[in-house]
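Colleague: Protein chains in written order, with our numbering: chain A, 43 to 541; chain B, 917 to 1202; chain C, 206 to 545.
Just to be clear, a hint being listed does not mean it is correct.
[Unchecked claim] Under 7 Å between C-beta atoms, here's a sample of chain B residues computed to sit facing chain A:
| no. | residue |
| --- | --- |
| 1 | T1064 |
| 2 | A1072 |
| 3 | P1115 |
| 4 | T1116 |
[Said to hold, decoys possible] A few chain C positions that, by computed beta-carbon distances, are all more than 10 Å from chain A:
| no. | residue |
| --- | --- |
| 5 | A212 |
| 6 | A225 |
| 7 | E249 |
| 8 | A252 |
| 9 | A365 |
| 10 | D372 |
| 11 | A390 |
| 12 | T409 |
| 13 | A423 |
| 14 | A427 |
| 15 | I434 |
| 16 | L436 |
| 17 | D470 |
| 18 | L540 |
Think of the hints as simulated: they come from the structure by calculation, not from any bench.
Backbone N, C-alpha and C fix where the C-beta goes; we use that ideal spot for every residue, glycine too.
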Amino acid sequence: MFPGEIHALLGENGAGKSTLVSIAAGRLVADSGEILRGGSQASYRNARDARHAGLVLVPQHDLLIGAASVADNLAFLDPAAPFFESAAARRARVGRLAQAFGLELGDADARADALPVGTRQRIEIAGALAGDPDVLILDEPTAVLSPDETAALFASLRKRADAGAAVVLITHRLAEVFAGADRLTLLARGRSVKTCRVSETTPQEIGGLLLTNTEGEKNFLEGVWGARALDSRADTPGGRSQTHSSEHAAQSAATQPLPSLVLTGFAPDEARAVRAERISLSLLPGEILVLLAIDGNGADTIARAIAGLERFSGRVEVGGVPLPLSGDPLAFRAAGGAFVPADRREEGLVAALSLSENLALPNPPGSVFLDRPAMRAHAEERLRAFGVRYASPAALAGSLSGGNQQKTVLARELAHRPGVLVAVHPTRGLDLASAAAVRSRILDACRSGTAALAVTADPDEAQLFGAPLRVVYRGRLSAALEPTTPPAALGRLMAGLEG
Amino acid sequence: MSGFLAVTLLLAAPLLLAAAGELLLERAGSIQIGLEGTMLIGAFTAFAAARSGVGPHSALLAAAFAGLLAGAAFAVFAVAGRADPILVGTAWNLVAAGGTAFSYRLLAGATGSVLEVRTLPPLAFGLPAAVLAAFFVPVVVDVFLARTRPGLALVAAGENPLALAATGGSVVAVRTAASVAAGALGALGGALLVLTVSPTFVEGVTAGRGFLALALVVFARWKPLRLVPGALLVAGATALQYRLQAGGSRIPYAVFLALPGLLALFALAAARGRGGSPKALGTPAP
Amino acid sequence: MSRESAARRFAVAAAALSAAAAALVGLALLAGASPLDAVRALAEGAAGSPAALGETLARATALVLTAIGASLAFRVGVLNIGLEGQFLAGAVAAAAVGPLLAGSPLAARAGLLAAAALAGALWVMPAAYLEARRGVPEVLSTILLNLVAAAGVSGLVRGALQDPGGDYPQSRALPDAVRLAPLAAGGRVTAAILIALALALFATLLLEWTPFGLKLRATGLAPAAARAIGLPRARLRLLAFAASGALAGLAGGLEVLAVTGRLYDPFTAGVGYTGIAAALLGGSHPLAAAVSAVLFAALGTGSSAMQRDTGVPGALATIVPGVLVLAVLAARARLARKAA
């Protein structure tokens, strides 16, 4: 990194971007290696040391005191703020920083938690800039910003760089890198894959590299095709999974079935921050729709709102039953819905309960007492059917590996032939074989009539469902795409380069 | 009426001190529901020190020191140790109530006679300096929280601990400091009871004032200056009750006793959201 | 509050026991007595004779019930610290309806206990409402309700409920026919302790062996998962509030029915808080919590004898439960962090 430039750090989830900058900023301790600054070794024991040395990190999570005013928050974030400060001096800081960095910071006396996300983000950045840092690191600052707000942010970063600071920007979004950065580094699995000047490369080249260096266990050698081979092996005889769902849909259309899932003018309440469009779509029994999006673009929220875990406006019907706007997971399930959450440890399973207890929820068997033999038998049957490797049905769910936990969640969710399955990142973090198994279970369920909505951030993954795709960018859905759409084209859509 | 006013101020001072300390601790994100126990420790320490022959001001200092230690001990379990502060506080009350009763018996022996101590000398309006000073404590706390840098760090520890950690602060250090301060103020409140209101120690001398102080913090919706009217209201009601009792009337007794709890409940019910409680109240440090 | 491995449970128990032993020995030495003599006097005073054992069991009833109430609430993730107030609400209801009940003693007792349980459940409802609708931590509201209940008792025994036949701040005595008679003539043990122990067994069966109990446990162990899986989380929590309040209310009713025969002020010396301590020591398992509660009651009765015989102040009985709980909390927190 050099003074006076904006350096973008790119890479998929889990590539090590956030870890790297956390080490640099003294928030985590490195296992090995060293960090050089200005030619000498620099390692900061904690974030305070790093700040004193002129290195400031703006992390992804919220940095503001919600109950305090803008003026107080900026005093909190300013490392040079004095011990005692009058209200007037704090208000003056707001004006000074707003002017110095060209940031619209709003009313100095407003409570931070009453402000829009964009303003909050600008306050955090103004706070980081207040100490005139030599090195400013921003971890995905644009995830929640509108295009106008993003442009304004880049303008102020450029000002800071022109004043001699090195700015490091972590992002998923190629469009922004090419619009605003001077150089870029591509990370994959904790290693640097490429570093170059932005002017020496093209979005197409970087997009391609990003896609061949995706998350998880995959690597250059196995690539996309290795995964695909595994998938067809795990599939039904005939291996025609690529097209089965459209066939199924065509078949069903002849008998005019009612749609399983209908969204009409739907928008999750949380999506207002990214000014999402209202969504209307419907899925017939057996149909699959894959939502493909980089994290932070609102695809997860769409799925969670359908499952009754977030408030929304508009209309959601599952099996013809409209769901309450306030979000009610019970209503979703009563209407025949099933849900596979992204966070299986927190939301998918009760880690401190046994496998048989987990599989018996939400309606354990037994009239007066728990029918433990039935629970055990049910668990063994489900776990075997889903290929879960386990010691005993009495083992705690928390003791399983990630892949086996995910298969257990599916075993529970698909036990009662749901009308609609909503799955968020169903294969994230799994090894190739487990991922293929999970996909094949979902496809099996769809073959017997379940409509599925799957969210993923991985274009390969999206294609492997062999079903229509829609890319979500900043809460907006693209037109339906064929599963055979080239990965590069998907990547451009995901990064907002084309729409 | 000046007698009534003086009694009101006298009764309000211990509540104000204890509540101001608790408010600091809760704004930092922890909570000590064993405040009653801390006040008892302060009351007993002041009593024991005064019995040993030192003057009332030294006894007050001794109580403050015991409170510092009590606050540090609480922090060892509930802040650094990350045990649930509510449960630690419940056990704390038992240990403090039992411990002070145990020690009092060792000190006083089995005799039933009342052991008196010298009270604090009056400074103005017939009230000792410490009582008058207690009314400035909420002001100091308010200025500290609103206008100083450590005050902002404390508020951050209670609202957004991750932000404090990200900007280089230590949530454990901030909450421990707040707990030590809260311990000292709570113990001072307990000591004032022995050194002003009634010059002796009996088991449970605090008579629920620690819980009243907890209620006051909620009633004040975690704003220091609002503690003053709350404490005056409660103390005034108590003073009025004494007066009515002396006059033979006993009708509104229960109403006055229930007042602080009811006021705090209504304050919670009337407020929007979580009633203004710090967002990270009771959560472990990251 | 959750399932623990055997090794972990052993480590926690070892920490608790050594802390309690250290406290006992230390306090006895502090009081200038031989620890051995003190412990002997304590044990004999608590269970050395039928009379002593009877006193312990009579004392244990209310503690066992509040400990079950606390355990049930904690297992569902509800931090009900207001058992003290709910206990008082139950006692007030018992004292209020007791003298009015006519008919057979059995029906009168049932009516009185039902009223007490209902009063306890109702007394916790403001906290349940504020938590569900406003997100107000139930810890704060239940403590406030304790204050109001204590004040209410204080006022009622000097007002509406005062015994017109006397000048003391206490309610009218229950008719002797209604009061629970001792199981053995001249003893103090009544059917109350049997009711309490039966409820401990019932609560354990409910939590560990029924489909409904599994739903309750899942809600307490993983609130987010419970919601996503489709458990009626809000309803289950409301039920935990009500059940723990009803148990504490029942404790208050039984205290009036079987022990005191009337309401006076102050009516409790922290039975709600000691019940919470017993629940924590028992890992929020109702049966284990009941055993802890009986142990604490034994400490209480034994300590009077200990004070008489060895001069070690009886307040030791309040210190030791507190020390035990602190040791358990510290050990659990330490193990949890080691595991993470």
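Colleague: All hints are to be evaluated individually against the structure, with a verdict given for each.
Modeller: These are the hints, each one checked on the structure:
With its C-beta approaching chain A no nearer than about 5 Å, T1064/B sits inside the 7 Å limit, and its interface hint holds. Restraint check, A1072/B versus chain A: the minimum CB separation of about 5 Å is within 7 Å; hint holds. For P1115/B, the interface hint is violated, since its Cβ never comes within 7 Å of a Cβ in chain A; the closest pair sits about 40 Å apart. With a cut of 7 Å, the hint placing T1116/B at the interface with chain A is violated, because the nearest CB-to-CB distance is about 42 Å.
Remark: the non-interface label on A212/C is consistent with the geometry, its nearest Cβ contact in chain A lying 14 Å away (cut-off 10 Å). Every C-beta of chain A lies more than 10 Å from that of A225/C, the closest at about 27 Å, which supports listing it as non-interface. For E249/C, the non-interface assignment is confirmed: its Cβ lies about 42 Å from the closest Cβ of chain A, beyond the 10 Å cut-off. Chain A leaves A252/C outside its interface by the beta-carbon criterion, the shortest separation being 35 Å against a cut-off of 10 Å.
No beta-carbon of chain A is positioned within 10 Å of the beta-carbon of A365/C; the least distance is around 43 Å. In this structure D372/C is separated from chain A by more than 10 Å, as the shortest Cβ-Cβ distance comes to about 53 Å. The non-interface label for A390/C is consistent with chain A: the shortest C-beta to C-beta separation is roughly 39 Å, beyond 10 Å. Every CB of chain A is more than 10 Å from the CB of T409/C (nearest about 12 Å), matching its label as outside the interface.
Interface exclusion of A423/C from chain A breaks down, the closest Cβ pair being 5 Å apart, not more than 10 Å. With a cut of 10 Å on Cβ distances, A427/C falls inside the contact zone with chain A, its closest approach being about 4 Å. At roughly 5 Å, the least C-beta separation between I434/C and chain A is not larger than 10 Å, which violates its mark as non-interface. Distance to chain A contradicts L436/C as a non-interface residue, since its nearest Cβ pair spans about 5 Å, not more than 10 Å.
Annotated as non-interface, D470/C keeps its C-beta farther than 10 Å from every C-beta of chain A; the closest such distance is 40 Å. With a cut of 10 Å on Cβ distances, L540/C stays outside the contact zone with chain A, its closest approach being about 14 Å.
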